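Chemist: One-letter residues, chain by chain:
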Amino acid sequence: MATLNHFLILSGVLFAIGTAGVFLRRNLITILLSIEIMLNAVNITFVAVGRYLGTVDGQIITFFVMTVAAAEAAVGLALVIALFRHRETLSPDAFTSLKW
Amino acid sequence: MLAPIPLLPLAGFVINAFLGRRLPKTVSGGLACLAMLGAFAVSVLAVLQARGAPEHFIQQTLFQWIASGDLKIPVALRVDPLSSVMILVVTGIGSLIHIYSTAYMHEESDGEYARYFSYLNLFAAFMLVLVLGSTFPVMFVGWEGVGLCSYLLIGFWFRKPSAADAGKKAFVVNRIGDFGFILGMLILFIEFGSLDFQRIAWAVSARAPELSMGVVTVATLLLFLGATGKSAQIPLYVWLPDAMEGPTPVSALIHAATMVTAGVYMIGRNAVLFQHAPITLGVVAGIGVATALMAGTIGLVQNDIKRVLAYSTVSQLGYMFLAMGVGAYAAGIFHLYTHAFFKALLFLGSGAVIHALAGEQDLRNMGGLKKALPITYWTFLIGAIAIAGVPPLAGFFSKDEILWRTFSGGHTVLWTIGMVTAFLTATYMFRLVFLTFFGDRHGHDHGHGEHLHDAPPAMALVLIVLAIGSIVAGFVGIPHALGGGNRIEAFLEPSFEAHAQAPDNPEFQVVQGTPGTPRLEGRVERAHEADTQTELLLMGVSTGVAIAGIVLASYFWLRNRAAATRVARSAAPVYTLLLNKYYVDEIYDALIVQPIKGVSTLVLWQGVDAALIDGTVNGVGRLVRASSDTLRRLQTGSIRAYAASLFFGVVVILGWYLWR
Chain Y
1 MATLNHFLIL SGVLFAIGTA GVFLRRNLIT ILLSIEIMLN AVNITFVAVG
51 RYLGTVDGQI ITFFVMTVAA AEAAVGLALV IALFRHRETL SPDAFTSLKW
Chain H
1001 MLAPIPLLPL AGFVINAFLG RRLPKTVSGG LACLAMLGAF AVSVLAVLQA
1051 RGAPEHFIQQ TLFQWIASGD LKIPVALRVD PLSSVMILVV TGIGSLIHIY
1101 STAYMHEESD GEYARYFSYL NLFAAFMLVL VLGSTFPVMF VGWEGVGLCS
1151 YLLIGFWFRK PSAADAGKKA FVVNRIGDFG FILGMLILFI EFGSLDFQRI
1201 AWAVSARAPE LSMGVVTVAT LLLFLGATGK SAQIPLYVWL PDAMEGPTPV
1251 SALIHAATMV TAGVYMIGRN AVLFQHAPIT LGVVAGIGVA TALMAGTIGL
1301 VQNDIKRVLA YSTVSQLGYM FLAMGVGAYA AGIFHLYTHA FFKALLFLGS
1351 GAVIHALAGE QDLRNMGGLK KALPITYWTF LIGAIAIAGV PPLAGFFSKD
1401 EILWRTFSGG HTVLWTIGMV TAFLTATYMF RLVFLTFFGD RHGHDHGHGE
1451 HLHDAPPAMA LVLIVLAIGS IVAGFVGIPH ALGGGNRIEA FLEPSFEAHA
1501 QAPDNPEFQV VQGTPGTPRL EGRVERAHEA DTQTELLLMG VSTGVAIAGI
1551 VLASYFWLRN RAAATRVARS AAPVYTLLLN KYYVDEIYDA LIVQPIKGVS
1601 TLVLWQGVDA ALIDGTVNGV GRLVRASSDT LRRLQTGSIR AYAASLFFGV
1651 VVILGWYLWR
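Just so you know, the protein sequences line up as chains Y and H, in that order. Residues in the first sequence are numbered consecutively from 1, following our numbering. Residues in the second sequence are numbered consecutively from 1001, following our numbering.
Incorrect hints may have been included.
[Stated by the list, open to error] Which chain Y residues stay away from chain H? Per the calculated CB distances, all over 10 Å, these:
#1 Ala-2
#2 Val-22
#3 Phe-23
#4 Asp-57
#5 Gly-58
#6 Met-66
#7 Ala-71
#8 Ala-73
#9 Val-80
#10 Ile-81
#11 Thr-89
#12 Pro-92
#13 Phe-95
#14 Leu-98
#15 Lys-99
[Claimed, not checked] In silico contact screen, one side only, chain H against chain Y (beta carbon under 7 Å); selected entries:
#16 Pro-1004
#17 Gly-1359
#18 Gln-1533
#19 Ser-1638
#20 Ile-1639
#21 Arg-1640
#22 Ser-1645
#23 Gly-1649
[Unchecked claim] Cβ-Cβ distance ranges computed for the label pairs, FRET-style:
#24 Lys-99/Y with Gly-1649/H: 18 to 26 Å
#25 Ala-20/Y with Ile-1653/H: 52 to 60 Å
#26 Ala-82/Y with Gly-1619/H: 41 to 49 Å
#27 Leu-53/Y with Ala-1641/H: 34 to 42 Å
#28 Asn-1618/H with Ala-74/Y: 46 to 54 Å
Everything labelled a hint here was simulated from the structure, so no lab data went into it. What you are looking at is a predicted structure, and each value in this text was computed from that prediction instead of being measured. Idealized CB from N, CA, C, for every residue including glycine.
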């Protein structure tokens, strides 16, 4: 029987994987995907806690998160395409001119 | 009834100041003269009305100016015998000088001409406020206003650096005196709870002399400091000779006849107060006579015609302060009044000479003008005789009254110095006459020797009127010893005494005893009680001294000029000392101006301003810049670095909440 703790651990693991991906991967698209993983890790937490408490609030907020994530993905991918056209690369290290 | 007296010249000022540039000279000059003549007419009516009034004064309250707690200052104008004399002098002599100016300033452009007359009218307005004000603050408004006009008119030709500097000098020196005046005023308010002349006089005369005498002494000394500034006495006289940079009619009006007498008037106005401060009176007399002597000696050797007259003015003002200091207030005001005639005449005469010689002011380049400028010569001569003190001209009566009152008051030393000064006065005035009008013209290589023109009609008329005034003005004060009634003294006397009753004001709280007759122990006895024989003898002496001075001058500068040069050479150190005006300007420069400049430069400018204030401001700037130089390195531009710092920041904050 899966308890709340199982879901929370799963969520934590997914969140850690996403975070590591954001820090370690050198491709902007992968980084975006990692962010999606982080968001969904949080979604799992919401749903699990909602179920645990017997309310639908967790599911409602998850829909909000998914909507925002969709919009974010659209904007993010558009930016990635624009950046690629500009520099012919997707490495985040190539886009550090906005400094000092 | 009284308001038009200062308001008419003020209206003239407003019109000329705002429209003057578009008005032709006849209109702007005529307007200014009319304003003054109108003020004179109203003044005459007011004086007649005041004479008929029960207590010999009329007062008009225009409006409440300041009402704050105990301090109530109405703008009230008051004509009593003392201010009667003053308004008649200011508007009368003032009108004449306005008329003279229409011709003297005729070469200026329309705009400059109107500017000149607007200043002149503004001056008259402020001077009338000064003499008509019935409280210290109202007087102070006029006091400061005439200072401003003096500054504006000294620096009238402001494109000339020396004129601009002279204006500034006059203003700055006067500020020192005005500071004393303000402090004196404040002390009087604290002590008496009022700033009304009458109430102060009444309150002080109601007190026993020993009560609060120290306070009164301090207050009157401070007021006298103000008077030394305005009336060019030691130690603040240095601005007046430099003030001769202004147009000559200005010198005549402001720096001889009216404004510089404000200090004398102020003491006369507060005679009861000063009477209760014997120490101050001693100081006033001492300073007055010292100034008279010092300025007289300087005037003996100066080579600029106007500067000689300026030192003469300083010297005569010294006489007036001597009179004030020995308690002969009426004599001082009498001398003020006669002096206004002959000194204005002398200045305007010198203006006619300067006008004829196209701006030449150096006595060494003059001479032999008697033939070319007959009107100027004769009127100037009358003025010179009058100031020298030869009977029966105006100067004799007033000067002799002062000397007699000094002598009969027991101040023999002061009297002796006064006599020496009278001798000097006669000498330097006739030196001026002989150098200007007699002998040969020196340095007449200017090419205008042939077509010298005497004063134009407007100027000649004024000179003649003033000359007549210089002859007859003294007859109002013929002393009892000569069979006269000394009417001016009897006329003025009520102004120098406190009223027997309290001023009609229930709010007036400072009652410390029943007001009795004013205490006037220090006052010298009335002339008719004194020894007539001695008085006649002294008159003979002073006439002799005046004539001796004239004779000496005629020997040195008429018959034997070589002798004058010889004497100057044999007493070279003294001569140089006098020629350089005792080096007072240099001493002031070394003792006051340079130290202030040094402190300002080293401490205030380089120390406080540049180092402290600028250092703080720039230091803050530098600090921000240096720290941001370091901190901005954090902004690497790498998104992952930002993300990492964000993440670890969240971890740290959450950790803080979870584990604390």
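Chemist: Evaluate each hint against the coordinates.
Modeler: Cross-check of the supplied hints:
Residue placement check: Ala-2/Y keeps its beta carbon more than 10 Å from all beta carbons of chain H (closest about 25 Å). Residue placement check: Val-22/Y does not keep its beta carbon more than 10 Å from all beta carbons of chain H (closest about 6 Å). Here Phe-23/Y does not stay apart from chain H, with its beta-carbon only about 6 Å from theirs, under the 10 Å limit. Every CB of chain H is more than 10 Å from the CB of Asp-57/Y (nearest about 22 Å), matching its label as outside the interface.
Even its closest Cβ contact with chain H, about 20 Å, leaves Gly-58/Y beyond 10 Å, as expected for a residue assigned away from the interface. Chain H leaves Met-66/Y outside its interface by the beta-carbon criterion, the shortest separation being 22 Å against a cut-off of 10 Å. Distance to chain H confirms Ala-71/Y as a non-interface residue, since its nearest Cβ pair spans about 20 Å, more than 10 Å. With a cut of 10 Å on Cβ distances, Ala-73/Y stays outside the contact zone with chain H, its closest approach being about 17 Å.
Chain H leaves Val-80/Y outside its interface by the beta-carbon criterion, the shortest separation being 12 Å against a cut-off of 10 Å. Chain H leaves Ile-81/Y outside its interface by the beta-carbon criterion, the shortest separation being 17 Å against a cut-off of 10 Å. With a cut of 10 Å on Cβ distances, Thr-89/Y stays outside the contact zone with chain H, its closest approach being about 14 Å. Not every Cβ of chain H is farther than 10 Å from the Cβ of Pro-92/Y; the closest lies at roughly 5 Å, contradicting the non-interface assignment.
With a cut of 10 Å on Cβ distances, Phe-95/Y falls inside the contact zone with chain H, its closest approach being about 7 Å. Its closest Cβ contact with chain H, about 5 Å, brings Leu-98/Y to no more than 10 Å, contrary to its assignment away from the interface. Taking the minimum C-beta to C-beta distance to chain H, about 3 Å, the non-interface status of Lys-99/Y is violated against the 10 Å cut. The interface hint given for Pro-1004/H is violated, since its Cβ lies 77 Å from the closest Cβ of chain Y, which is over the 7 Å cut-off.
Here the hint on Gly-1359/H is broken, as its CB sits about 71 Å from the closest CB of chain Y, past 7 Å. Annotation: Gln-1533/H was flagged as interfacial toward chain Y, and the flag is violated, the nearest CB pair being 105 Å apart, outside 7 Å. The restraint placing Ser-1638/H at the interface with chain Y holds, with a minimum CB-CB distance near 5 Å, inside the 7 Å limit. The restraint placing Ile-1639/H at the interface with chain Y holds, with a minimum CB-CB distance near 5 Å, inside the 7 Å limit.
Taken as an interface hint, Arg-1640/H checks out: its beta carbon lies about 6 Å from the nearest beta carbon of chain Y, inside 7 Å. The criterion of a C-beta within 7 Å of any C-beta in chain Y is not met by Ser-1645/H, whose closest approach is roughly 11 Å, and the hint is violated. With a least beta-carbon distance of about 13 Å to chain Y, the hint placing Gly-1649/H at the interface is violated under the 7 Å criterion. A beta carbon spacing of about 19 Å between Lys-99/Y and Gly-1649/H agrees with the range 18 to 26 Å that was offered as a hint.
At about 20 Å, the CB distance of Ala-20/Y to Ile-1653/H disagrees with the hint of 52 to 60 Å. Checked against the hint of 41 to 49 Å, the C-beta distance between Ala-82/Y and Gly-1619/H comes to roughly 46 Å, which is consistent with it. Range check, Leu-53/Y to Ala-1641/H: Cβ separation about 38 Å, and the 34 to 42 Å hint holds. At roughly 51 Å, the beta-carbon separation of Asn-1618/H and Ala-74/Y lies within the given 46 to 54 Å, and the hint holds.
Of the hints listed earlier, those the structure fails to meet are numbers 2, 3, 12, 13, 14, 15, 16, 17, 18, 22, 23, 25, in rising order.
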